[in-house]
Amino acid sequence: MSARSVAEKRPKRNSSPMQSAVHWALLGLVIERPSYGYELAQRFEHAYAGMLQLSGVSYVYTALDTLQCRRMIEEIPGTRTGRQPKPRYRATAIGVRSYQERLILQMREDFRRSQLFARQLAALAQEPELALEVIDGYGQACLADAGDTPLPAPREDCEDAVAGLAARLVSEERRLAIEAKLPWIEYARREFTALAAGRIQAR
Amino acid sequence: MSLLELEHVGKCYGPLREHVVLRDVSLQIQQGEMVAVWGMRRSGRSTLLRVAAGIERPDSGVVRFEGRDLCAREGERLGVGIGYCRRAFAPGEGQRVIDHMIFGLLARGVPLKPAAQRAREVLERAEIGHCATLRPAELDCAEAVRAAIARALAFTPRLLLIDEPTIGVDLLARDGILRLLLSLAQEGIAVLASTGEAPGLSGTRALMLSEGELRGPRARELAKVVPLRHSA
Numbered sequence: 001m002s003a004r005s006v007a008e009k010r011p012k013r014n015s016s017p018m019q020s021a022v023h024w025a026l027l028g029l030v031i032e033r034p035s036y037g038y039e040l041a042q043r044f045e046h047a048y049a050g051m052l053q054l055s056g057v058s059y060v061y062t063a064l065d066t067l068q069c070r071r072m073i074e075e076i077p078g079t080r081t082g083r084q085p086k087p088r089y090r091a092t093a094i095g096v097r098s099y100q101e102r103l104i105l106q107m108r109e110d111f112r113r114s115q116l117f118a119r120q121l122a123a124l125a126q127e128p129e130l131a132l133e134v135i136d137g138y139g140q141a142c143l144a145d146a147g148d149t150p151l152p153a154p155r156e157d158c159e160d161a162v163a164g165l166a167a168r169l170v171s172e173e174r175r176l177a178i179e180a181k182l183p184w185i186e187y188a189r190r191e192f193t194a195l196a197a198g199r200i201q202a203r
Numbered sequence: 001m002s003l004l005e006l007e008h009v010g011k012c013y014g015p016l017r018e019h020v021v022l023r024d025v026s027l028q029i030q031q032g033e034m035v036a037v038w039g040m041r042r043s044g045r046s047t048l049l050r051v052a053a054g055i056e057r058p059d060s061g062v063v064r065f066e067g068r069d070l071c072a073r074e075g076e077r078l079g080v081g082i083g084y085c086r087r088a089f090a091p092g093e094g095q096r097v098i099d100h101m102i103f104g105l106l107a108r109g110v111p112l113k114p115a116a117q118r119a120r121e122v123l124e125r126a127e128i129g130h131c132a133t134l135r136p137a138e139l140d141c142a143e144a145v146r147a148a149i150a151r152a153l154a155f156t157p158r159l160l161l162i163d164e165p166t167i168g169v170d171l172l173a174r175d176g177i178l179r180l181l182l183s184l185a186q187e188g189i190a191v192l193a194s195t196g197e198a199p200g201l202s203g204t205r206a207l208m209l210s211e212g213e214l215r216g217p218r219a220r221e222l223a224k225v226v227p228l229r230h231s232a
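As given, the protein sequences belong to chains E and Y, one line each in that order. Read left to right, the first sequence gives residues 1 to 203 (this note's numbering). Read left to right, the second sequence gives residues 1 to 232 (this note's numbering).
Note that these hints are calculated values from the structure, not bench results. No residue lacks a Cβ here, since even glycine has one placed at the ideal position from N, Cα and C.
Below are the EDC-like pairs computed for lysine to aspartate or glutamate, each with C-alpha atoms no more than 20 Å apart in a straight line: (1) K181/E to E197/Y; (2) K181/E to E109/E; (3) K181/E to E213/Y; (4) K113/Y to D99/Y; (5) K181/E to E191/E; (6) K86/E to E39/E; (7) K113/Y to E93/Y; (8) K86/E to E32/E; (9) K181/E to E211/Y.
Which stretches of chain E does chain Y cover? Using the computed rule of at least three CB atoms under 8 Å from a CB of chain Y, they are: (10) 140–154; (11) 163–177.
Distance ranges between label pairs, derived from CB positions: (12) E7/Y to E32/E: 45 to 55 Å; (13) E109/E to E121/Y: 47 to 57 Å; (14) G109/Y to A197/E: 50 to 60 Å; (15) Y13/Y to L169/E: 41 to 51 Å; (16) T133/Y to V96/E: 48 to 58 Å; (17) D136/E to A173/Y: 26 to 36 Å; (18) A21/E to R108/Y: 53 to 63 Å.
Let the sequences and hints guide you as you build the complete structure.
So this is what it looks like as structure tokens:
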């Protein structure tokens, strides 16, 4: 084998940050349990229903290539056998570490998004009635989201322990996020109501 | 016809009626529906429940249960068809949890044996059959809420009203209570709950009470009509 062909086969490490939420989610599934491509696509559909969407099953293979190039996952030796080989992938130490860092970064991003919304709302200070309409719409969306959040199945009823834990954590995160938002909505409403009252008095 | 209907209800407190608690509140609840009202402290959520139960009269507007004005029930016993959950146990009503269940039934003329049978049934339905012989003081917070629900269920209500069902309840026990209320709604009992905690809104028609005004969907949405596919 020529030196050139070996170099072509060796995965090149990409140093730019990986942005795709789907790639990160697939990495998480590989960390959870080594799988082959099609199995990962099925697990993805089940685990991230309503949160993330695959453009197609073939996208999983593209993502696996990317994760392999970044040395976040590796093929388990001896799994590419048979007439229809199904190579299974497992996470590397780099993959697990990167995944942890991504989770922490993502949380900071959530905080930043909330702050951004609050700052953008403040831009309507001269038009408090418009801001109150936005707050009302935001409140309605929060209430709809709160009502749509299903109660997770009790711990003892879950056959798949990881899926059960994931459902409980997702549900609780969503509910407690709303728990924080509703009093903030009340606070913002009072601030803009006071502003609107002040404007009426000033006229 | 809605099971419960509040129409432009207003309620004020204070010597000069200066403290407005409910402002033009309209709400419809259907059979088998669970509605939860979130509000901050002193938002009027408990008042809303008492007015909906007929315990308090509104200053303006009308409250109808099964089409009848609750304030016009002259001489009728309050609470027929409506179960208002009380967490407090009056010492005079008995020593054990089951005695408190039986007491209310006896007061309504149910003979002792069927009353005891019914009390056991509702305790089982509220999943606290094992607490029947305990004293109320021995119940933990979640069990006390379940006992309150059981006591209201004893009278086979069509509407159940419960104030803050998850307050003080351990996080891991909280969902069990919400699941119980949702299961009652699935059996056809309408449930109206107030809550100061957003997790209590899960799976319900969620509303918000803010400065006496009710926000959110006041009535259950009609089923969406799926348009017929056009033929080619």
